[in-house]
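The listed protein sequences derive, respectively, from chains A and B. Counting in the working numbering, the first sequence runs from 1 upward without gaps. Counting in the working numbering, the second sequence runs from 1 upward without gaps.
Careful, some of the hints might be misleading.
[As the list claims (entries may be wrong)] Here are the computed lysine to aspartate or glutamate pairs in the EDC-like style, where the Cα-Cα straight-line distance is at most 20 angstroms:
1) A:Lys185 x B:Glu278
2) B:Lys185 x A:Asp261
3) B:Lys185 x B:Asp130
4) A:Lys185 x B:Asp261
5) B:Lys55 x B:Asp102
6) B:Lys185 x A:Glu2
7) A:Lys185 x B:Glu2
8) B:Lys51 x B:Asp67
9) A:Lys55 x A:Asp261
10) A:Lys107 x A:Glu147
11) B:Lys185 x B:Asp164
12) B:Lys55 x B:Asp267
13) A:Lys51 x A:Glu61
14) A:Lys185 x A:Asp164
15) B:Lys185 x A:Glu220
None of these hints come from the bench; they were simulated from the model. Everything numeric in this text was worked out from a predicted model, so none of it was measured.
Number of protein chains: 2
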Amino acid sequence: MERVIVNDVGPRDGLQNDPATVSPADRAGLIRDLVAAGVPAVEAVSFVSPKAVPKMAGAAEVIAALDLDAADFSALIPNRKGYELAREAGVRSVAVVLSATDTMNRKNINMDLDTTVRVCSEILEQASRDGVNGRAYVSVALGCPYEGDVPEDRIRDLTRTMFDAGATEVIVADTIGAGNPAQVKSLFSRLVPDFGADRLSAHFHDTRALALANAWQALECGIRKFDASIGGLGGCPFAPGAAGNLATEDLVSLLHQAGFDTGIDLDALLAVVDRVRELVGHPVGGRALAWLHNHRAAAAAAG
Amino acid sequence: MERVIVNDVGPRDGLQNDPATVSPADRAGLIRDLVAAGVPAVEAVSFVSPKAVPKMAGAAEVIAALDLDAADFSALIPNRKGYELAREAGVRSVAVVLSATDTMNRKNINMDLDTTVRVCSEILEQASRDGVNGRAYVSVALGCPYEGDVPEDRIRDLTRTMFDAGATEVIVADTIGAGNPAQVKSLFSRLVPDFGADRLSAHFHDTRALALANAWQALECGIRKFDASIGGLGGCPFAPGAAGNLATEDLVSLLHQAGFDTGIDLDALLAVVDRVRELVGHPVGGRALAWLHNHRAAAAAAG
Chain A
1 MERVIVNDVG PRDGLQNDPA TVSPADRAGL IRDLVAAGVP AVEAVSFVSP KAVPKMAGAA
61 EVIAALDLDA ADFSALIPNR KGYELAREAG VRSVAVVLSA TDTMNRKNIN MDLDTTVRVC
121 SEILEQASRD GVNGRAYVSV ALGCPYEGDV PEDRIRDLTR TMFDAGATEV IVADTIGAGN
181 PAQVKSLFSR LVPDFGADRL SAHFHDTRAL ALANAWQALE CGIRKFDASI GGLGGCPFAP
241 GAAGNLATED LVSLLHQAGF DTGIDLDALL AVVDRVRELV GHPVGGRALA WLHNHRAAAA
301 AAG
Chain B
1 MERVIVNDVG PRDGLQNDPA TVSPADRAGL IRDLVAAGVP AVEAVSFVSP KAVPKMAGAA
61 EVIAALDLDA ADFSALIPNR KGYELAREAG VRSVAVVLSA TDTMNRKNIN MDLDTTVRVC
121 SEILEQASRD GVNGRAYVSV ALGCPYEGDV PEDRIRDLTR TMFDAGATEV IVADTIGAGN
181 PAQVKSLFSR LVPDFGADRL SAHFHDTRAL ALANAWQALE CGIRKFDASI GGLGGCPFAP
241 GAAGNLATED LVSLLHQAGF DTGIDLDALL AVVDRVRELV GHPVGGRALA WLHNHRAAAA
301 AAG
């Protein structure tokens with residue numbers, strides 16, 4: 001069976017955008033639970049100013065509570081200062097975020113596109129020199145809430161710029177869930193021949209109920225690494241209408257049914273969804289959750 | 001833009017399996033609403049014994065209340081008696097149901113597979129002689145609740161038998177929503193070269209949240225005709241765990257986003273979903289419904 005890598009972004013992307021505030025200790029506990037369920041990669045923290053994003057305070061504390069050999073833990077890095085803090089904390093993988101449109105960068109981080117490209121490139125170059133694994137998100141790649149459609153040429157050019165700066169991987173992100181599988185096919189059919197499927201990853205939102213169809217199409221294009229968020233936690237507060245990350249349990253369910261190996265124990269993952277619900281104090285869970293629970297109960301009853 | 005035909009099975013498959021009982025007059029009204037929204041084909045009625053299926057009583061009354069030139073209205077036909085009644089009512093398209101496993105046929109209609117094949121073939125042959133459009137469902141094609149996996153060879157052989165008997169179209173039905181897009185790809189990649197995409201249709205259920213991914217994969221295999229059910233009405237009472245037909249609004253939303261033409265007015269379709277909710281007295285609606293409503297409201301506000 002072919003392996004697909006699932007990177008759970010729930011502890012960062014998910015919880016940053018959830019109404020609840022979860023303590024660093026509980027976030028570290030959630031991350032350990034995910035790893036115990038077999039999740040090989042987790043977006044664990046963001047080294048962002050706690051004044052700007054109070055929910056993500058205590059990033060170093062979270063990292064210190066993890067066994068860094070247990071999985072691929074990444075930290076989101078908004079700027080040079082964040083990079084230095086991540087380095088001090090011992091983080092081995094960092095990710096920068098480059099929105100594909102000028103307006104989105106201004107709204108998200110108050111920088112224009114050119115400035116964001118420069119800042120991201122500098123961080124990736126430094127990471128490369130430091131032996132740190134540097135990833136780059138190209139976000140709003142399938143549609144921007146402010147500018148609408150984004151030209152594929154621009155996504156390709158930004159992807160190339162990030163690789164040239166030393167990125168080990170580019171994550172093509174449908175940040176607001178605007179994409180459909182025809183778009184996914186068109187875009188990845190251009191990117192994969194240029195950059196190789198093994199250096200690309202995909203990040204989908206389920207806003208329009210198309211996250212699984214989009215993930216399937218990306219698989220068909222050769223993509224074997226995906227972001228997903230436990231329980232479907234998250235969205236993007238700076239991107240109107242971006243509710244609902246692709247739920248990890250939905251993606252893993254699709255992958256296992258379609259014959260891919262993820263290394264993840266789906267029963268253990270469902271137990272993590274239950275704990276996430278307790279942590280955030282409101283219902284969570286992907287679109288396949290009810291079926292997964294029924295299926296698990298039926299399997300248990302059948303012995 | 002390429003045309004995709006959507007056949008709404010809500011008035012029959014949907015309402016037959018809904019807790020509510022809807023009068024023939026209201027069922028005819030729903031069908032007329034669907035046609036007014038641009039839906040080109042509707043599974044309108046079943047000419048089944050009203051003692052066996054009280055919810056479907058009044059099939060002739062429903063047909064009499066329709067303008068048979070307005071769309072392609074089909075009637076489900078369980079047996080020769082049903083065929084004669086459909087003929088008397090003036091129905092121009094009939095559909096027979098052949099489950100792909102022995103156990104499912106016995107549970108569904110108390111006949112073994114060979115007998116069901118014979119009965120379906122005889123009806124299709126008679127329809128062909130009468131100039132009636134005869135379709136055949138090959139059901140539980142992607143998994144049977146009793147026998148599990150169904151060999152692709154058997155689906156292919158049953159499909160051939162139905163065409164040989166005079167079927168104008170075979171609808172490959174994932175009756176319990178057991179299929180995943182890898183299976184869909186494998187099966188349709190075998191059927192399309194043998195029989196032609198233009199004579200095949202696909203029927204999916206959203207039990208595992210994979211109906212849209214499966215529909216997308218079927219589109220990729222060349223299929224251009226799909227069943228769907230307004231508001232996601234339905235399931236199958238004889239097939240445990242078969243909750244949730246693919247919702248028409250979800251499918252149409254995917255198709256329009258992916259650049260296909262359906263002839264359907266999505267705004268009008270959403271209004272039909274609202275009326276279905278009133279008819280059945282409980283919440284209905286596909287997975288994309290909340291987004292579709294928000295999107296429509298935003299578009300209206302923007303003028």
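Hints that the structure is at odds with (numbers, increasing): Violated hints (numbers, rising): 1, 3, 5, 8, 9, 11, 12 and 14; every other hint is consistent with the structure.
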